[in-house]
Amino acid sequence: MLKTKNTKHISVTIPVSRKAAYEYLSEPKNFPEWASGLCKSISPLGNGEWSIDSPMGKLTAKFTDKNQYGILDHYVIFSPENISYNPLRIIGNGEGSELIFTLFQTEGMTLEKFEEDSNWIKKDLEELKGILIKKFAL
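Residue numbers (my numbering): 1 to 138.
Quick caveat, the hints were computed from the structure, so don't treat them as lab data. Watch out, some of these pointers could steer you wrong.
Lysine-lysine pairs mimicking DSSO-like chemistry, simulated, CA-CA at most 30 angstroms apart [unchecked claim]:
#	residue 1	residue 2
1	K8	K129
2	K8	K123
3	K62	K29
4	K58	K122
5	K123	K19
6	K129	K113
7	K19	K66
8	K122	K62
9	K66	K135
10	K62	K134
11	K19	K129
12	K40	K122
13	K19	K122
14	K40	K134
15	K122	K8
16	K19	K135
17	K134	K122
18	K122	K135
19	K40	K29
20	K8	K19
21	K5	K62
22	K40	K58
23	K66	K129
24	K29	K66
25	K122	K66
26	K123	K40
27	K129	K40
28	K29	K8
29	K62	K129
30	K62	K123
31	K29	K134
32	K123	K66
The task is simple: from the sequences and hints, build the whole structure.
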């Protein structure tokens with residue numbers, strides 16, 4: 001049997017059009033406004049990589065190119081051997097949108113840390129929801 005990781009799908013319903021939300025979310029420079037668990041500041045490095053000042057120190061991130069499918073995945077690079085894949089999707093929900101983040105429990109991560117990270121992501125998504133409502137409310 002193939003080995004899999006524990007996952008949590010953390011979502012938030014946003015009363016903002018998918019298109020407007022996607023345009024905001026697909027711009028890495030906006031991450032410090034809402035992703036406190038990942039990013040205090042961010043700057044481009046070139047080659048599609050970004051330098052992130054994070055609560056865990058200086059990291060590198062790579063973001064999915066803009067696309068028509070609502071895919072907003074990003075990779076956090078702790079070291080060449082330790083890369084965290086973070087799937088993020090935005091889908092239409094009526095006239096608004098649904099943002100869905102998939103959190104993987106990484107090797108060596110305790111259940112307590114997994115739950116802590118899940119709660120932090122939920123807090124960040126709620127923060128994002130508030131920002132998007134202020135910017136683009138229907």
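Original post:
Among the hints numbered above, which are violated by the structure, and what are their numbers in rising order?
Top reply: Nothing - there is no hint that the structure violates, so all of them hold.
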